[in-house]
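Participant: Each chain, written out:
Protein chains: 2
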Amino acid sequence: MSENTWKNDIQSLIANTHIAFLSTMGEHTPETSMCPYAVYKGDIVLHLSGLAKHSKNIQSNQNVGLMICTPETATNSPLALARIGFTGKIEPVPQAKQSVYQQAYLKHIPDAEPLFSFPDFTLYRIKVNAVHWIGGFGKARKVPTATWKSLC
Amino acid sequence: MSENTWKNDIQSLIANTHIAFLSTMGEHTPETSMCPYAVYKGDIVLHLSGLAKHSKNIQSNQNVGLMICTPETATNSPLALARIGFTGKIEPVPQAKQSVYQQAYLKHIPDAEPLFSFPDFTLYRIKVNAVHWIGGFGKARKVPTATWKSLC
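Just so you know, the protein sequences line up as chains E and X, in that order. Under the numbering used here, think of the first position of the first sequence as 1, with each following residue one higher. Under the numbering used here, think of the first position of the second sequence as 1, with each following residue one higher.
Don't read these hints as lab results, they were simulated from the structure. Quantities reported herein were computed from a predicted structural model and do not represent experimental measurements. Don't take every hint at face value.
[What the hints assert, rightly or not] Computed list of lysine to aspartate or glutamate pairs in EDC-like fashion (alpha-carbon distance at most 16 Å, straight line):
hint	chain 1	residue 1	chain 2	residue 2
1	X	Lys89	E	Asp9
2	X	Lys56	X	Asp120
3	E	Lys139	E	Glu27
4	E	Lys89	X	Glu27
5	X	Lys53	X	Glu72
[As the list claims (entries may be wrong)] Only part of the chain E face toward chain X is listed, based on derived beta-carbon distances under 7 Å:
hint	residue
6	Ile14
7	His18
8	Ile19
9	Thr29
10	Gly65
11	Leu66
12	Pro78
13	Thr87
In this text, a Cβ means the ideal position worked out from N, Cα and C, and glycines have one as well.
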């Protein structure tokens with residue numbers, strides 16, 4: 001795995017996938033949910049409904065995990081799918097930054113445009129504090145957050 | 001969404017997917033990881049490496065979340081992918097049940113066969129205590145655990 005290969009593989013994964021799996025802390029139990037995502041200057045951008053359980057969970061605990069994974073297909077072994085994991089703190093995008101984050105989100109998830117007129121949806125960002133890349137079976141490495149930011 | 005349609009959709013999702021997204025509680029932060037999975041009598045069956053962070057996490061907190069999602073494709077909107085979420089307690093499969101769980105796991109994930117000779121891998125089961133199904137945008141319902149068990 002050369003220096004450039006894994007960096008290119010991360011960029012390709014982000015360019016070609018549109019959903020992520022978010023871990024939030026419920027009352028007693030961590031919970032996984034699926035969220036369309038985008039990336040803006042190293043932040044993960046999510047647009048969440050206030051009706052969904054994850055939105056309630058992050059009111060009491062802003063620490064979250066997130067994974068983006070190569071979609072399974074008939075030809076890929078489920079053991080070897082390249083994926084990237086993050087931990088970080090989630091927060092609503094500040095009012096002054098709404099426009100640039102919304103633009104970045106809709107560039108990656110154009111289908112979400114009508115949801116921006118729904119009053120219960122809020123744009124969030126995850127400020128990433130740790131990143132790990134698993135390029136396949138046994139190919140894992142931590143990615144410094146500065147390196148992650150330089151890739152996106 | 002008729003009574004039978006969503007049940008058939010759950011069975012079809014389980015039959016056609018092989019990876020799940022597990023939420024475990026780290027020291028401060030929930031974390032998402034990808035795990036190949038199978039289902040046996042309503043339990044989710046996972047085969048985890050002791051070297052992986054999720055295995056360390058479940059030593060201190062057995063409460064986990066898990067999601068199984070329709071893979072994204074160029075033709076499916078990322079907003080509407082059918083998915084099923086679980087919470088439950090994870091535990092090693094008891095010695096007396098190893099053989100039936102292993103058989104169920106390898107039937108669904110045949111590529112994992114060589115990993116059963118690796119000493120650091122352990123077969124786990126999640127005893128499911130809550131199930132929710134999201135059949136698409138706005139199509140969510142809780143599934144009683146007895147109903148879930150009757151489907152698999």
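Participant: Each hint should be assessed against the structure and marked as holding or not.
Facilitator: Hints and how they fare:
no.	hint	verdict
1	X:Lys89 <-> E:Asp9	violated (34 Å)
2	X:Lys56 <-> X:Asp120	holds (12 Å)
3	E:Lys139 <-> E:Glu27	violated (34 Å)
4	E:Lys89 <-> X:Glu27	holds (14 Å)
5	X:Lys53 <-> X:Glu72	violated (26 Å)
6	Ile14	violated (13 Å)
7	His18	holds (4 Å)
8	Ile19	holds (5 Å)
9	Thr29	holds (4 Å)
10	Gly65	holds (4 Å)
11	Leu66	holds (6 Å)
12	Pro78	holds (4 Å)
13	Thr87	holds (5 Å)
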